[in-house]
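> If you're matching them up, the sequences are chains A and B in order. The opening position of the first sequence corresponds to residue 1 in the working numbering, with each subsequent residue numbered one higher. The opening position of the second sequence corresponds to residue 1 in the working numbering, with each subsequent residue numbered one higher.
Any given hint could turn out to be false.
[Said to hold, decoys possible] Pairwise CB distance ranges, derived in the manner of DEER restraints:
| no. | chain 1 | residue 1 | chain 2 | residue 2 | range |
| --- | --- | --- | --- | --- | --- |
| 1 | B | 215 | A | 248 | 24 to 34 Å |
| 2 | A | 333 | B | 336 | 42 to 52 Å |
| 3 | A | 79 | B | 39 | 50 to 60 Å |
| 4 | A | 247 | B | 50 | 46 to 56 Å |
| 5 | B | 379 | A | 250 | 50 to 60 Å |
| 6 | B | 79 | A | 246 | 35 to 45 Å |
| 7 | B | 131 | A | 18 | 54 to 64 Å |
| 8 | A | 302 | B | 346 | 48 to 58 Å |
| 9 | A | 355 | B | 53 | 58 to 68 Å |
No lab work stands behind these hints, which were simulated from the structure alone. Computed from a prediction, not measured in an experiment: that's the story for all the values here. The beta carbon of each residue, even a glycine, is placed where N, CA and C say it ideally should be.
Letter by letter, the chains look like this.
There are 2 protein chains.
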Amino acid sequence: MNPAEEDIAHATDGEIGLVSPQDFRFPNPFEFESGQSIPEFTLRYESYGRLNAARDNVVLVAHALTGDHHCAGVHSLHDRKPGWWNSLIGPGKPIDTNRFFVLCANCIGGCQGSTGPKSINPATGQPYNLSFPFVTIRDMVRTQKILLDSLEISSLYAVIGGSMGGMQVLQWAIEYPEFVRRIIPMATTWRQNAMAIAFDEVGRQAIMQDPEWDQGNYEEDQGPNVGLAIARMMAHITYLSDQSMDRKFGRKRPEGKGKRYSFDIEFEVESYLRYQAQSFINRFDANTYLYFTRALGYFDLAAAYGSLDEAFKSIQCKALSIGFTSDWLFPPEQNREIVLAMLRQGVEASYTELGLDLGHDSFLIDSEELFSLVRNFLDN
Amino acid sequence: MNPAEEDIAHATDGEIGLVSPQDFRFPNPFEFESGQSIPEFTLRYESYGRLNAARDNVVLVAHALTGDHHCAGVHSLHDRKPGWWNSLIGPGKPIDTNRFFVLCANCIGGCQGSTGPKSINPATGQPYNLSFPFVTIRDMVRTQKILLDSLEISSLYAVIGGSMGGMQVLQWAIEYPEFVRRIIPMATTWRQNAMAIAFDEVGRQAIMQDPEWDQGNYEEDQGPNVGLAIARMMAHITYLSDQSMDRKFGRKRPEGKGKRYSFDIEFEVESYLRYQAQSFINRFDANTYLYFTRALGYFDLAAAYGSLDEAFKSIQCKALSIGFTSDWLFPPEQNREIVLAMLRQGVEASYTELGLDLGHDSFLIDSEELFSLVRNFLDN
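Let the sequences and hints guide you as you build the complete structure.
In structure tokens, the structure reads:
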């Protein structure tokens, strides 16, 4: 077997296997949309598959609020879970790593290796904390472009992402029209409505009112864990749907723990939320949560460009927008509106709505329907 | 003008005017559904209109989670707001106090005058706090029955209420079938689903994780204000709809305060939530919030009686169930299911769904459509 055959043999097993994140360091100042600057930044990213000679077979994946660059493969053979979009990305999978060079970077302002509020400010030797610049979706995209430029990538075959990732996808198409050939924004919106802004505000208040937050100056291994847990529990409910929660938990009591008349856990869904919160505070930084939810709230393509039609005027790529019937955080009509405005601007865009009942998080689940949509749009 | 004429003259102006709450003290032990007891209790209530000679023209109003007995009229001529259902109750209004004797009591476990966690336990001279018995919807109804018995009321012309009030309405019809002639449950459910349980759990965690909660032993003028505010802000969103929030707030910035790039108030909806939270912590007790949300979670007519059909088997009254299209906390189908099960049991029941877009709180708004439904059902 020659090396090429070996590759194919490995590829057909359908899994990416072991991956290692890379750090890209940009040694120059970067000015954020707010006008604030930092003297340098790092983006941590992962890539799967191989860059072709033309350096144009790149699929960029944009992560959501609490996601990160680790979207496929495993970091160690002991990992219990692969990256968050592992079902979608891999050899022979809808985003086929036999064909595409897939890249995903932790967003600027993040807490998984990219420069963010807990990073050391070289000017002071101290963490930025709240002196970190406010981050916008456009800042996320512009820093990713700097990373792609450093890799001498000539164009993006596609950009794909859900929720906050979907916002980045839209921003990519607007900001770099000649660089992007296809976009797949999912479960997203062109501007957060009042309800989404409100939920994010409650989460931020839970964090900022926690005495351990200390104006953002907590030590890295400490912090407003209570507030962050409350924020996560609440937000997690908004990512689901009542149907899926009823199917999964209903009114079930934890086995052997069904003691009634207490303020301890009485229902399985309560236990699930606490577990989710605990695992979240172990992996996520509270200040990043503040910055990223603000980025979500600031995102408003109509306000930024005069109107949604104006925003999409320059777009040259093809677009497939996917909404989910049960998503009540960024409901289907907000995804549909994106495509309607694109069509008015002559963009080759289509809208699909999937009846998956998992709510906003539907874009993250294993669905053959979703997989074939992505596969066909990329094949086309 | 004789006194009767004077009454009528006053009545036709359509407003109840000044009212004073009454305290009913039950001097004997009361055993809760949990098996726990208290040696005596007080219910604070208000009444409007006059009890007829047969003592059977009574409309009982049941309040929701954060409501109370003050549902109509004003306590002082300086009051800026009348009781919470003042538009519905009064002379010539849908619940016509020229005809009905309308009564509403603060629920047992409450914090507006009825015995609850912050009341003094006569056995210890100290507040009950968490030694207060767990409260169920059935306990609320049974204590209200004791109050009505003390007033020698012979039957209820109708029981009406929304949300937690609607649960009490259903429980009344089941528990005292020969006593109740008409019920109007609105925006309610026969059992909370997993999502509603989950939101309540986040609210309780926000309160109980606040160090000021101190296992419920805070002083009356102190307490877990931060946690209670977070719980309220979150819950308040669940009482609205995205359409109504978009119409009222959208992405508006507070006038003259539109500073961008901060974690202070940036959007009007954020300011609104903080205002709501502040006014809530000024009037509501955190322990009562814990007890009442548990009462909501425990409510499950199917589990309590074997099935929903079994629960409704004994009902003798007429029922009008009202759901609201935009209510996603206790959505229309949960209200429809109530009527379907009643119809299967031969109950004279009908279901109406109103297209008001204010979400769960639609039952509290001024709507001629809602008013005429209530008026006609009571006239019938």
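> Taking the hints in turn, state whether each one holds.
Hint check:
1. B/215 to A/248: 24 to 34 Å: holds, 32 Å
2. A/333 to B/336: 42 to 52 Å: violated, 24 Å
3. A/79 to B/39: 50 to 60 Å: holds, 59 Å
4. A/247 to B/50: 46 to 56 Å: For residue 50 of chain B against residue 247 of chain A, whose Cβ atoms are near 51 Å apart, the range 46 to 56 Å holds.
5. B/379 to A/250: 50 to 60 Å: The hint (50 to 60 Å, Cβ to Cβ) is violated, given that residue 379 of chain B and residue 250 of chain A are roughly 40 Å apart.
6. B/79 to A/246: 35 to 45 Å: holds, 42 Å
7. B/131 to A/18: 54 to 64 Å: holds, 57 Å
8. A/302 to B/346: 48 to 58 Å: holds, 55 Å
9. A/355 to B/53: 58 to 68 Å: holds, 60 Å
Hint compliance for this structure: hints 2 and 5 are broken, all remaining hints hold.
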